[in-house]
Amino acid sequence: MGLKVKQAQVINSYGKNETVPYRITSMENRNAYETHLVSSTDSPEFTHLTRALTRSSLVALDAEWKPTRTRQSTFPTVSLLQLACRLSPRLVGSSNELLLPEEESVVFLVDLILIPPPSIWELLRDLFVSPDILKLGFRFKQDLVYLSSTFSSHGCNLGFDRVEPFLDITSIYNHLQDKQPERRISKDIKSLATICKEVLGISLSKELQCSDWSVRPLTEEQRTYAALDAHCLLDIFEVFQAKVIKEGMYALLGNIIQNVPDQLSSISILGLKEILEEDDLCNKIMKTGFVEAVDVLRATACSDVSREIASEEGMVMRSQHRSSLPMGESLLNVVKKYGEKLLLEESDKNPKKSRKKGRRRPSASLIRKERLLEISDEWQGPPPWDLSVGGNGCPKFLCDVMVAGLAKHLRCVGMDAAIPCSRKPDPRELIDQALKENRVLLTRDAKLLRHGYILNNQIYRVKSLLKNEQLLEVIETFQLKVSEDQLLSRCPKCNGRFIQKPLSTEEAVEAAKGFQRIPDCLFDKNLLFWQCMDCKQLYWEGTQYKNAIQKFIDVCNLNNITPNL
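Take the sequence shown: its position 107, counting from 1, is numbered 143 in my numbering, and each next residue is one higher.
None of these hints come from the bench; they were simulated from the model.
Cβ atoms here follow ideal geometry from the backbone N, Cα and C, with glycine treated the same way.
Please note that the accuracy of each hint is not assured.
[What the hints assert, rightly or not] Now the in silico label distances, taken between C-beta atoms and shown as ranges:
1) 562 <-> 239: 27 to 35 Å
2) 457 <-> 569: 16 to 24 Å
3) 91 <-> 381: 51 to 59 Å
4) 414 <-> 438: 14 to 22 Å
5) 285 <-> 499: 50 to 58 Å
6) 257 <-> 464: 30 to 38 Å
7) 493 <-> 537: 35 to 43 Å
8) 558 <-> 535: 17 to 25 Å
9) 596 <-> 538: 28 to 36 Å
10) 91 <-> 464: 55 to 63 Å
11) 501 <-> 90: 35 to 43 Å
Hey, can you work out the whole structure from these sequences and the hints?
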């Protein structure tokens with residue numbers, strides 16, 4: 037029996053009634069799509085997966101594994117494979133009536149811990165090389181290397197050595213930038229979160245990327261993260277495909293006009309409305325377009341047994357033992373123009389050895405010392421603000437870039453939480469700032485613990501991944517006292533203090549001139565405004581303020597705290 041898992045409803049990027057993709061402006065505009073956890077080949081979810089692949093012409097790929105901190109002699113074992121499928125419409129009945137699917141896309145989370153890899157190796161191999169399915173990925177070569185190693189270690193000697201046709205999201209992003217021909221594209225590779233923000237207008241949280249994906253059962257947050265990480269690739273491709281279709285329409289119209297006889301050359305000065313109003317011109321254009329449409333149909337026609345797709349090296353024959361719908365015309369054009377091949381060489385299948393030669397081997401005592409520093413991440417000794425060591429009793433923290441989100445959460449509960457002065461500080465800069473400002477350095481970087489001898493009782497490694505859990509961990513570790521009166525008493529933006537006397541609406545409008553816009557809807561609500569003394573940002577007690585207060589009351593469990601009498 038397959039493991040039955042509640043289907044999580046995640047939000048899609050496009051309205052159901054829209055036929056043309058558009059750019060996302062907010063998370064609220066996203067449609068629900070289903071997420072299925074496939075944990076057994078005997079489960080209904082696996083049957084759904086095999087059927088979905090026969091109706092998919094576009095599949096986004098992603099993989100998750102347990103992160104490793106040090107260089108290993110073997111590749112990590114992939115724990116989860118995500119397949120986000122865009123389902124094609126299907127033809128039913130003898131009259132070939134078009135039946136639209138109930139769901140435009142679906143995400144399958146294939147649990148490689150619970151499913152024996154040999155039982156799905158053939159299914160995945162056919163998917164990876166099927167000429168009828170375009171595969172998407174974000175820097176997927178590393179994922180493919182780890183997948184191949186995982187399946188090879190389970191008796192699938194061949195593993196996986198190629199994915200084609202394939203399209204990398206980084207290539208799509210570069211095509212969407214509208215770069216000038218003479219300008220060079222930056223070699224800096226954008227993160228997936230950055231691409232989602234720029235192309236889709238959404239924030240993609242990567243907090244769970246480094247979580248332990250080998251632990252079962254997966255949490256609801258992990259399943260949601262994994263599904264969204266794969267499905268956003270489909271969303272990005274939709275934007276790209278819309279652009280390609282638009283460019284193709286302009287090119288087709290240009291070709292049609294060029295093929296019109298000489299006596300129609302004057303149409304270049306006419307608008308589309310005038311062209312269509314001229315019966316003779318319109319008929320000749322339509323005839324030309326019809327001939328090109330027939331050519332398209334001939335080029336994309338295929339038999340029930342096999343289908344050939346032209347490529348630069350020759351012809352690629354479709355697998356005959358697993359049927360799938362052929363690509364549509366627009367998708368086939370994308371493959372012909374932008375499609376790639378992801379190939380693994382023999383050198384890719386072996387872990388890279390360190391290139392550092394002649395390096396002196398550290399002594400056993402030094403190795404033991406470093407291991408003790410990395411393992412001893414429990415907090416020891418009083419913090420620098422403790423009264424017993426001459427402090428003033430006011431907690432002060434410095435959050436490095438790995439826990440920058442924790443800094444905002446600490447500020448929201450009234451704690452003094454600074455961030456590094458520079459965007460990419462080195463360890464020496466962090467240490468100097470912590471010592472100078474008498475703060476405890478919070479980090480998730482185990483290597484920083486090696487500098488603990490310099491920062492005596494002023495460095496702590498945060499173990500939790502999620503911001504809410506990190507906040508609770510810091511509160512518990514340092515025995516911080518949080519009350520409802522402290523909530524939102526600091527500026528979340530810069531860590532500054534607010535002015536003591538609130539501003540009226542008129543005073544706030546005057547203070548915000550040339551700096552911040554006060555919404556017109558607030559003018560008749562008689563609200564009070566607070567201004568940060570450092571960055572001058574204005575705040576007021578609106579809906580977001582009330583929601584934030586309630587959020588941190590729940591996170592810190594302040595409702596259940598008994599006041600001291």
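Hints, verified against the model:
1. The hinted range of 27 to 35 Å is satisfied by residue 562 and residue 239, whose Cβ atoms lie roughly 33 Å apart.
2. Against the hinted window of 16 to 24 Å, the Cβ-Cβ separation of residue 457 and residue 569 comes to about 19 Å, which satisfies the hint.
3. Between residue 91 and residue 381 the C-beta distance comes to about 33 Å, which lies outside the given range of 51 to 59 Å.
4. Judged by the Cβ atoms, the range 14 to 22 Å given for residue 414 and residue 438 holds: they are separated by roughly 19 Å.
5. At roughly 54 Å, the beta-carbon separation of residue 285 and residue 499 lies within the given 50 to 58 Å, and the hint holds.
6. The given range of 30 to 38 Å is respected by residue 257 and residue 464, whose C-beta atoms sit roughly 36 Å from each other.
7. Between residue 493 and residue 537 the beta carbon distance is about 38 Å. The supplied range of 35 to 43 Å therefore holds.
8. In this structure the supplied range 17 to 25 Å holds for residue 558 paired with residue 535, their Cβ-Cβ distance being about 18 Å.
9. For residue 596 and residue 538, the Cβ-Cβ distance of about 30 Å falls inside the hinted range of 28 to 36 Å, so the restraint holds.
10. The supplied range of 55 to 63 Å is met by residue 91 and residue 464, whose beta-carbon atoms lie about 57 Å from each other.
11. Between residue 501 and residue 90 the Cβ separation comes to about 37 Å, which falls inside the hinted range of 35 to 43 Å.
Hint compliance for this structure: hint 3 is the single one not met.
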